[in-house]
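Required output: the full structure, derived from the provided sequences and hints.
Chains as they are written, first to last, in our numbering: chain A, 1 to 380; chain B, 381 to 659.
There may be inaccurate statements among the hints.
[Said to hold, decoys possible] Partial chain A-side listing against chain B, Cβ under 10 angstroms, derived:
#  : residue
1  : Gly29
2  : Gln49
3  : Glu58
4  : Ala66
5  : Gly69
6  : Ser71
7  : Gly94
8  : Leu191
9  : Glu192
10 : Tyr226
No lab work stands behind these hints, which were simulated from the structure alone.
Cβ coordinates follow ideal geometry from the N, Cα and C atoms, glycine included.
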Amino acid sequence: MNRPVGVQFMQGNEACVYAALDAGAKFYGGYPITPSSEIAELSAKFLPQVDGVYLQMEDEIGSIAAIIGASAAGQKSYTATSGPGFSLMQENLGMAVYAEVPLVLINVMRNGPSTGLATRPAQGDVMQARWGTHGDHPIIALSPGSVQECYDLTVRAFNLSEKYRIPVILLGDEVIGHMRESLTIPEADKLEIINRKLPTVPAQGYKPYQTDEDDIPAIPPYGTDYIVHISSSCHDESGYSHSAPQTADKLVQRLHRKIDKNKKDIIQVEWFGPEQADLTIIAYGAISRVAKQAVINAQDKGLSVNLLRLITLWPFADEEVKAALEKAKAILVPELNLGQIVHEVERLNTFGPPVHSLSRIDGEILIPAQIMEKIEEVLK
Amino acid sequence: MALSYKDYLEQSQLPHMWCPGCGDGIILRAYTEALAELNLAPKDVVTVTGIGCWGKADDYLSTQAFHGTHGRALAFATGIKTANPDLTVVTLMGDGDAVTIGGNHFIHAARRNVNLTAIVTNNYNYGMTGGQYSATTPLESKTTTSPNGVAEPGFDVCFLAEAAGANFVARTTVYHAVALKNLIKEGILHPGFSLVEVISPCPTYFGRFNVHPSPVNMMNWLKEKAIPVQKYRELPLEEQHEHFAVGKLVKKDRPDFYTTYRRINGGKKGAEEGDTNGR
Chain A
1 MNRPVGVQFM QGNEACVYAA LDAGAKFYGG YPITPSSEIA ELSAKFLPQV
51 DGVYLQMEDE IGSIAAIIGA SAAGQKSYTA TSGPGFSLMQ ENLGMAVYAE
101 VPLVLINVMR NGPSTGLATR PAQGDVMQAR WGTHGDHPII ALSPGSVQEC
151 YDLTVRAFNL SEKYRIPVIL LGDEVIGHMR ESLTIPEADK LEIINRKLPT
201 VPAQGYKPYQ TDEDDIPAIP PYGTDYIVHI SSSCHDESGY SHSAPQTADK
251 LVQRLHRKID KNKKDIIQVE WFGPEQADLT IIAYGAISRV AKQAVINAQD
301 KGLSVNLLRL ITLWPFADEE VKAALEKAKA ILVPELNLGQ IVHEVERLNT
351 FGPPVHSLSR IDGEILIPAQ IMEKIEEVLK
Chain B
381 MALSYKDYLE QSQLPHMWCP GCGDGIILRA YTEALAELNL APKDVVTVTG
431 IGCWGKADDY LSTQAFHGTH GRALAFATGI KTANPDLTVV TLMGDGDAVT
481 IGGNHFIHAA RRNVNLTAIV TNNYNYGMTG GQYSATTPLE SKTTTSPNGV
531 AEPGFDVCFL AEAAGANFVA RTTVYHAVAL KNLIKEGILH PGFSLVEVIS
581 PCPTYFGRFN VHPSPVNMMN WLKEKAIPVQ KYRELPLEEQ HEHFAVGKLV
631 KKDRPDFYTT YRRINGGKKG AEEGDTNGR
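Below is the structure:
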């Protein structure tokens with residue numbers, strides 16, 4: 001394939017595929033679903049051209065299982081889906097977290113629950129991305145707000161996944177996935193590409209889950225001299241099943257620690273508008289674009305409003321949101337759901353400003369005028 | 381130096397947890413002997429398991445291993461084998477993993493003809509969770525969730541694999557230990573999807589409720605039920621229903637998934653090369 005470079009004009013879903021290939025992905029396992037299918041289609045076209053494989057599985061349970069297997073065999077792997085498929089992937093998503101198998105899962109969110117409105121946007125899977133699989137576990141989820149970010153954050157999703165050996169969810173939405181706009185694709189040698197670390201100890205006596213102070217295991221693909229034992233059951237450093245209470249505790253604590261202590265590296269936000277404002281909007285994904293326009297419109301009306309745009313959704317940007325709560329007189333959280341991220345903001349609100357939610361769940365996007373109306377109501 | 385079955389066992393994890401009279405130990409021995417006789421290095425073999433009594437087998441092995449979620453072993457294995465065709469991939473599944481919760485993956489792995497081997501231990505019930513009925517439990521058998529007899533007929537695992545397109549299909553029992561080892565060897569060597577179904581005694585549950593709680597009597601029961609396939613095909617229908625066929629049931633040479641994918645789609649590892657390792 002000819003790798004596009006420089007200024008391009010394309011869909012968000014297309015940008016995800018070019019980014020995955022640039023990140024070094026060689027394996028896609030998936031099941032077509034609206035509004036993510038363009039990712040499957042382009043992957044089917046391009047992956048064989050880079051000696052990769054597009055594998056269309058029988059369902060989304062098998063899709064995520066196949067990419068976990070392919071990743072364990074050494075190929076950077078990804079899948080794309082939407083709400084119903086994301087629900088089916090939850091059990092094995094937890095397995096990838098627990099067994100520390102890197103992968104990228106692109107969820108182009110659509111209106112739900114259930115089959116819902118297949119072609120209409122929503123942001124209803126935010127809490128599912130965090131807590132959808134059972135048991136205590138960390139997760140990383142990134143939220144693109146433009147076609148440029150579909151590209152940039154897909155590359156970043158692979159990098160974070162490889163670096164921390166954890167599945168990374170690119171939590172997009174139908175608006176961003178299907179929107180066409182220009183983006184700039186960097187020269188290949190300007191991209192930072194991170195690959196999983198490999199063991200430096202001898203193969204004899206190697207324990208795949210033995211970590212040093214960074215808490216991240218160095219696990220090679222199957223087929224080298226190192227014997228790799230990967231397990232969905234509670235396992236000790238050897239990877240073999242071990243059910244002692246201290247083993248269970250130690251493993252899950254370490255899984256959290258390797259993410260918690262790297263929040264500075266993982267969490268990205270963007271501030272937009274005046275540094276100090278009476279009202280701060282906290283938004284993400286497609287709605288953060290609408291919020292930007294609302295900030296501009298508010299300024300034109302002489303209202304003091306700014307925006308904290310969450311690029312990393314999970315782990316949650318506690319420090320940045322606390323800073324917003326400390327400075328603003330009121331907070332507004334517009335979302336295409338009945339209020340999900342707003343509860344995270346309320347959780348951190350020991351500072352006192354009222355936190356307002358603005359919801360829309362009819363399959364239509366919030367528009368700047370609706371946010372403006374709410375701003376005027378709050379600041380009245 | 382010749383390899384022994386012991387080279388594939390993780391001694392530190394033994395003894396195993398299976399009940400006295402369970403067939404799993406015999407199948408584990410046959411599998412490891414087959415690997416040794418094929419002279420496959422443990423590092424080049426990935427054993428993929430699911431959940432259940434037989435799903436514990438990976439813990440006793442020194443090969444590369446992937447112990448996944450219940451019913452998904454073939455989906456994980458499809459990813460592993462397709463991402464690195466040089467690996468020998470063997471999935472160990474029970475009747476629950478293979479054709480009950482994982483039935484969808486089973487038929488599609490056979491249809492795709494992924495070049496791997498599935499050793500399916502069929503003991504007609506869920507042993508690990510206490511003897512409930514599965515999709516292979518024969519009609520009217522008593523289990524802990526069918527105290528009056530199960531109202532569903534069971535799958536014929538081999539027939540299912542054949543109908544779905546598997547290249548190699550064989551059935552045997554743990555009573556026929558040498559044949560079991562040889563069929564596993566042949567399944568591993570045969571390109572495409574290979575199934576070796578092993579009828580195995582569960583004296584603790586299925587046997588106790590339906591046949592006999594004694595392991596010896598369960599072994600005799602397997603011996604009486606198993607009829608070599610040629611002879612079985614000549615039996616009257618009523619007698620076929622009382623028995624099952626053992627031996628090689630299907631052997632075809634349909635190209636495997638990876639070879640076909642490369643032939644159609646190209647890539648550096650082109651059509652003529654494909655997945656040539658015969659495993």
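Checked hints:
no.: 1; hint: Gly29; verdict: holds (6 angstroms)
no.: 2; hint: Gln49; verdict: holds (7 angstroms)
no.: 3; hint: Glu58; verdict: holds (4 angstroms)
no.: 4; hint: Ala66; verdict: holds (4 angstroms)
no.: 5; hint: Gly69; verdict: holds (3 angstroms)
no.: 6; hint: Ser71; verdict: holds (8 angstroms)
no.: 7; hint: Gly94; verdict: holds (9 angstroms)
no.: 8; hint: Leu191; verdict: violated (22 angstroms)
no.: 9; hint: Glu192; verdict: violated (24 angstroms)
no.: 10; hint: Tyr226; verdict: holds (8 angstroms)
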